[in-house]
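A.B. asks: Chains as they are written, first to last, in the UniProt record's numbering: chain L, 1 to 755; chain R, 1 to 755.
It should be emphasised that the hints constitute simulated quantities derived from the structure, not laboratory data.
Among the hints, a few may not be true.
Any copy, or any two copies together, can satisfy a pair, since identical chains are not distinguished.
Derived pair list, reagent style DSBU-like, types lysine-lysine, alpha-carbon separation capped at 30 Å [what the hints assert, rightly or not]:
#1 K4 <-> K523
#2 K18 <-> K464
#3 K542 <-> K409
#4 K628 <-> K74
#5 K5 <-> K445
#6 K395 <-> K409
#7 K461 <-> K583
#8 K475 <-> K461
#9 K495 <-> K316
#10 K542 <-> K5
#11 K345 <-> K464
#12 K395 <-> K74
#13 K464 <-> K492
#14 K5 <-> K546
#15 K464 <-> K743
#16 K523 <-> K5
#17 K475 <-> K492
#18 K18 <-> K356
#19 K610 <-> K736
#20 K374 <-> K514
#21 K680 <-> K475
#22 K445 <-> K475
#23 K495 <-> K445
#24 K4 <-> K734
#25 K743 <-> K475
Protein chains: 2
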Amino acid sequence: MNLKKIVQNNQLEPYFVKGSFGIEKEGLRTDASGHLARTDHPLEFGSRNHHPYVQTDFSESQLELVTPPQDTLKEQYQWLKALHDVVNRTIPKDEFVWPFSMPNILPAEADIPLIKVDDYREVRYREKLSEKYGKKKQMISGVHYNFSFTPEFLDKINEYVQTEDNLDEWCNDLYLKMSRNYLRYQWVLTYLFGASPVSHPSLLDSETIGPVRSLRNSEYGYHNTFSDTVSYESIENYIRDIEELVKNNILYEEREYYGSSRLRGAGKYVCQLVNNGTRYVEFRSFDLNPFDPLGFSYEQSVFLHLYVLTMVWMDKDNRDEDIKEGIEKNARTSLENPYAYSQYKEEGLSLLNLMKDTSRELNLSDEYTTVVDKAIHQFHHPEETLSAVIMDKLKDRTSFIDFGNTLGKSYKQLSMQKPFLLNGFETLEMSTQLLLFDALQLGVKTTILDENDQFLAFSYKGDKEYVRNGNMTSKDTYISHWLMANKTVTKKVLKENGFAVPAGEEFSSLEEAKNYYAIASQKAVVIKPKSTNYGIGITIFKQTPKRTDYEEALSFAFKEDDSILVEEYIEGTEYRFFVLNGKVEAVLLREPANVTGDGEHSVKELIAEKNRHPYRGENHRAPLEKIKMGEIEAMMLKEQGYTFESVLPENEKVYLRENSNISTGGDSIDVTDDMHESYKSVAEDIARALDVKVTGLDLIVPDIHMPSTKANNGYTVIEANFNPAMNMHAFVQKGKGRRLSRKVLDMLYPHIELS
Amino acid sequence: MNLKKIVQNNQLEPYFVKGSFGIEKEGLRTDASGHLARTDHPLEFGSRNHHPYVQTDFSESQLELVTPPQDTLKEQYQWLKALHDVVNRTIPKDEFVWPFSMPNILPAEADIPLIKVDDYREVRYREKLSEKYGKKKQMISGVHYNFSFTPEFLDKINEYVQTEDNLDEWCNDLYLKMSRNYLRYQWVLTYLFGASPVSHPSLLDSETIGPVRSLRNSEYGYHNTFSDTVSYESIENYIRDIEELVKNNILYEEREYYGSSRLRGAGKYVCQLVNNGTRYVEFRSFDLNPFDPLGFSYEQSVFLHLYVLTMVWMDKDNRDEDIKEGIEKNARTSLENPYAYSQYKEEGLSLLNLMKDTSRELNLSDEYTTVVDKAIHQFHHPEETLSAVIMDKLKDRTSFIDFGNTLGKSYKQLSMQKPFLLNGFETLEMSTQLLLFDALQLGVKTTILDENDQFLAFSYKGDKEYVRNGNMTSKDTYISHWLMANKTVTKKVLKENGFAVPAGEEFSSLEEAKNYYAIASQKAVVIKPKSTNYGIGITIFKQTPKRTDYEEALSFAFKEDDSILVEEYIEGTEYRFFVLNGKVEAVLLREPANVTGDGEHSVKELIAEKNRHPYRGENHRAPLEKIKMGEIEAMMLKEQGYTFESVLPENEKVYLRENSNISTGGDSIDVTDDMHESYKSVAEDIARALDVKVTGLDLIVPDIHMPSTKANNGYTVIEANFNPAMNMHAFVQKGKGRRLSRKVLDMLYPHIELS
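Throw the hints in and build the complete structure from the sequences for me.
C.D. replies: Set out below in structure tokens:
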């Protein structure tokens with residue numbers, strides 16, 4: 001078989017260059033002083049028995065972040081970023097993730113904690129590793145890069161391959177060629193990306209080693225000495241050799257085989273590769289890149305993709321003896337001085353040029369050639385390789401810990417500064433980001449079905465659920481949505497169920513609405529389009545309206561909708577009750593944009609100060625919006641006798657807006673615990689009457705401390721909102737934040753495990 | 001208390017003129033020859049134990065149509081129309097509803113069937129009535145008109161009434177005054193609306209009676225002789241007198257009291273009026289108006305509304321002795337010759353002028369004054385009263401039956417000619433009309449929550465359900481709607497569940513979509529906007545596209561949506577599978593607009609002939625659309641070598657459209673029974689995978705007779721549609737119609753009774 005020919009003859013290049021990409025990244029939890037954290041893996045991560053994203057590896061303090069396989073490198077990095085946010089925000093405040101492969105300050109061998117999980121086999125396996133390699137060596141961390149071709153590509157190949165082999169065999173051969181060539185040239189990767197030049201003395205006693213390119217890839221690092229005894233010439237050989245190592249007790253289990261390239265099938269055992277074929281290949285030779293907050297840069301991933309493609313695209317195919325040579329060269333390269341030229345420079349350059357050819361032949365984008373060009377440059381400038389740049393930053397070996405502390409803490413800070421965003425997915429709506437964060441944290445398997453449509457698919461122990469816009473779920477009925485979407489219908493249903501709603505009428509003709517003046521003129525009224533949700537087209541008459549004003553307000557509302565409502569105006573304060581699964585989980589008061597004077601600062605300065613709050617942002621990208629200094633705000637000030645330049649007296653509160661919307665700079669104040677229980681009961685009853693699990697109810701309550709009774713209906717329901725915002729409850733200006741997204745998950749998966 | 005003063009001083013006129021209106025209309029089922037139908041009440045009406053709309057009165061053949069109380073006369077008539085459609089379409093084909101109060105040809109006394117219901121008390125009550133009045137008299141039918149003021153009016157009154165009486169007492173007094181004055185002047189109604197001048201000899205043996213204004217209101221009619229013994233001077237008197245009649249065995253039950261005005265409370269017994277007050281008043285003096293298909297015209301209802309308002313608005317209040325006078329005058333009026341002037345003409349005119357004053361004082365619309373003016377005219381022209389006009393149409397007394405047959409059959413035909421419309425509610429979408437029809441037929445209590453929004457509320461034995469657009473219900477989940485609304489998400493979910501979907505990609509950038517040409521150029525493709533549902537913006541390349549055509553199609557699709565799909569094109573025929581509650585209930589083939597030649601007629605004539613089909617209409621007001629003769633159709637013909645004037649050879653079928661949409665004149669062909677079961681299973685599995693109860697699945701199936709197996713996936717799912725159209729399955733061009741709306745009701749109420 002000649003893959004290149006099949007691809008070229010059948011124009012399969014567009015299929016060939018696609019792939020499925022995954023990253024596994026280890027990292028040590030570290031305390032503020034650079035020592036290995038000795039705390040337990042946080043409970044907030046749920047159960048490690050089936051957490052798909054955040055695991056522990058050898059030690060309880062050794063995190064492993066696993067991205068699910070993604071179709072593009074871009075998505076792979078979205079996930080990697082997001083998982084870092086999840087980890088950074090979940091581990092204790094004073095801990096961070098160590099940015100180097102070589103460990104932080106380790107305690108004595110005996111004090112390094114193994115993972116604490118229920119499965120005794122997992123613990124015993126690690127005990128055996130400890131005996132064999134010593135615990136400390138197991139603390140060296142790295143990155144695994146998983147790659148496979150797409151099913152579409154393999155289907156296409158299947159159409160064209162003229163062979164009696166089945167596709168699985170063909171596929172095994174393809175991945176074996178990739179592995180053979182990978183292993184032959186892996187030293188190039190170590191030259192470029194080696195990033196463990198030194199180690200803290202708590203790991204390696206000798207002061208004499210290094211600086212080198214990659215301690216981790218060297219004989220001092222984390223590897224099996226017998227790796228070169230495994231054949232990659234055929235799947236049968238590969239399986240035979242690994243099984244042999246286990247049979248002869250050289251390996252405890254197959255998974256102990258630390259070869260830089262491992263073929264992975266559907267099952268746990270290599271023998272399954274024969275029947276089920278290779279699903280993906282795991283490449284294991286990568287040091288953590290301390291200059292990237294994620295430990296492995298996007299550019300590195302691009303380079304690696306082209307690298308593995310080249311390994312199968314190239315005409316040359318290496319044999320087992322060449323692999324031995326490759327392993328040898330890699331070992332030597334890893335012990336080279338970071339600032340020295342590679343001893344295999346010519347071979348390196350020739351491989352990189354082959355990669356450039358491949359990129360051109362496959363019509364890959366510029367980002368691929370750019371990373372190769374950079375690598376070529378690094379072959380001419382060893383001082384620009386990762387290991388050399390690290391050495392530049394270190395004054396001496398002890399400063400390795402200081403540098404790691406500085407970098408690690410700064411990366412943690414990146415995750416902490418905007419707790420309402422999930423980096424990687426920051427273009428999603430905030431509510432969806434919150435929910436996604438909670439799902440990733442708890443280990444609910446998640447697929448982003450449609451990013452633009454805020455559509456997530458969840459799976460927990462096989463139970464599938466779909467969620468759109470953060471809280472649209474299978475637990476609500478189809479009709480309840482429409483029941484709430486139609487204000488007239490909502491009111492009719494609530495009224496019929498005995499709840500207090502404002503009296504009023506719906507009109508779909510201006511003439512009829514005008515005739516209603518006979519009634520409307522007798523009270524304070526609100527005129528609003530039937531189906532707007534953002535306050536547009538609404539006129540409030542707190543006193544009985546004059547006929548001309550009334551008719552003007554009608555026309556104004558009719559501009560927004562074919563139908564309008566004329567309702568009695570209800571005095572009092574409006575509160576948002578967030579009801580979820582039968583229970584009021586949050587009550588929010590929204591106050592119009594305002595500042596309070598201190599006798600010293602101008603309104604302008606007070607606004608600027610208030611806008612500095614980390615929760616305030618622009619265009620719905622933060623839980624609160626910055627207060628604007630526009631015409632409306634200037635008018636409001638003027639009515640109160642001020643300008644933006646006025647210095648406000650101490651404790652004088654001025655409002656800059658009449659409406660209380662968060663979107664125009666309003667404050668969010670959590671009053672969940674202050675609200676009298678009777679109103680919460682009413683809200684829960686309303687949700688039940690509407691047969692709805694998730695709703696945001698707007699109730700006017702004149703006095704939240706005076707109970708609502710049958711005799712004294714101290715409330716009026718103004719609106720029932722479907723898909724209510726969750727972020728404004730999570731991050732409030734004042735009071736306690738309420739993590740409603742987490743409650744959504746609890747509703748979907750009531751038996752979620754926390755252990 | 002002076003109601004008029006309270007209303008005028010507080011500008012309560014707009015509240016006073018509102019009301020709640022209901023009509024009960026009796027009518028005899030009649031066979032083709034004018035005899036009383038002897039068939040049973042149709043099973044299709046469900047159970048009479050709790051049918052709110054269609055009941056039987058005295059006899060099994062005596063229908064009673066009951067409109068639920070409505071806020072406006074317009075709505076009252078919508079209901080009355082709709083119920084007539086329901087009745088006319090449900091009773092046997094050769095039966096119709098007798099349009100006169102005086103019966104059709106009755107059988108011998110013994111052969112008149114009493115109602116056949118389970119409740120023995122109901123049967124016994126009618127047996128007693130038979131003994132007392134004779135069965136035949138009980139067959140005289142009429143209209144009851146129910147009226148009450150609105151709760152809003154009573155609430156308002158409550159604010160202003162300065163009295164120690166409670167509102168219920170005040171309310172009883174109000175309705176008593178209305179009744180007293182009503183009874184005093186009811187003869188006016190009999191003069192105007194009396195419509196039983198003659199009778200068939202099978203009821204009244206004597207040839208000497210009549211013609212008169214109203215046999216029914218006369219001593220020969222349906223009334224108690226002791227009606228004038230009930231006092232209306234106070235609620236206590238009223239209750240006392242009725243209870244006395246029962247106690248003395250003059251009445252069997254309270255409901256046997258046939259007074260022309262009856263106060264109705266919440267419960268069955270008059271004594272409850274004291275504690276719970278009057279809920280509405282029932283006026284019972286109306287003959288069926290044979291000139292209105294509904295038995296009582298809208299103008300009569302308008303007149304009556306103003307009449308009852310005047311009865312309380314007028315200063316004069318009558319006493320029991322005046323009521324006696326009124327009853328007397330009514331009896332005399334009913335026996336006047338239809339062409340004679342009223343003997344109380346002056347009193348009549350003075351009352352009508354008072355009604356005009358009332359109308360003006362209450363600022364009522366012109367339709368009120370119009371009906372009063374007409375009545376005044378009728379007092380000057382007795383030959384224009386209803387009874388006289390009837391006599392004009394009758395050559396002799398025997399022709400009464402012929403005339404009734406002609407009228408009754410023509411009214412039935414009004415309901416039969418467009419079986420897909422529900423008169424009264426013909427502005428609703430067709431699917432909602434179908435569902436509403438089925439609900440009214442079965443006796444599911446229905447409220448039109450929002451006509452524009454196609455929103456219905458149902459209640460059956462207390463179980464509430466809401467339905468929008470005919471099949472959006474509580475049985476589907478909120479998320480399933482969105483899952484189907486997003487084509488990419490649907491495909492991902494279906495693919496993950498192992499169903500055959502077309503391969504393809506979504507793009508939200510033109511650039512990326514252009515780059516996909518490398519793959520798209522290798523197959524037949526469809527390019528479509530992500531979220532359109534009507535075929536707009538779609539381009540199909542049945543051969544692999546040229547680059548320029550491909551890019552043009554992309555731009556075309558991007559005009560409709562921010563995201564587009566490029567999918568492989570699947571050959572075969574598309575079928576719509578309607579899945580409901582786990583089962584495929586209908587499979588439809590849609591064929592593009594076409595005609596088939598007969599060797600004689602031109603295309604134009606063939607189209608005209610096809611368009612005459614009663615199911616073909618325009619603008620989605622019929623199950624099928626008329627075939628148009630526009631540019632597109634002309635082009636299609638031209639390509640086939642024809643013009644509209646061409647005479648087509650026999651059996652030559654030409655298509656006038658490429659697309660198969662019903663909306664462009666396509667044919668609907670039911671193939672439910674022909675489709676191989678394996679495809680139905682697939683469709684049912686798909687619905688299960690999407691967790692959806694109601695969906696319209698579009699599957700491409702090349703051969704509906706060849707089974708789909710795992711090895712031979714003889715299908716591809718193209719789309720899953722939420723809220724699928726139901727009307728196109730109910731009324732098909734060819735094959736068997738499928739009443740899916742009824743299946744929706746069965747899903748909502750699985751235990752619906754049919755007895």
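A.B. asks: Against the structure shown, which of the earlier numbered hints fail to hold, in ascending order?
C.D. replies: 3, 4, 5, 9, 11, 12 and 24
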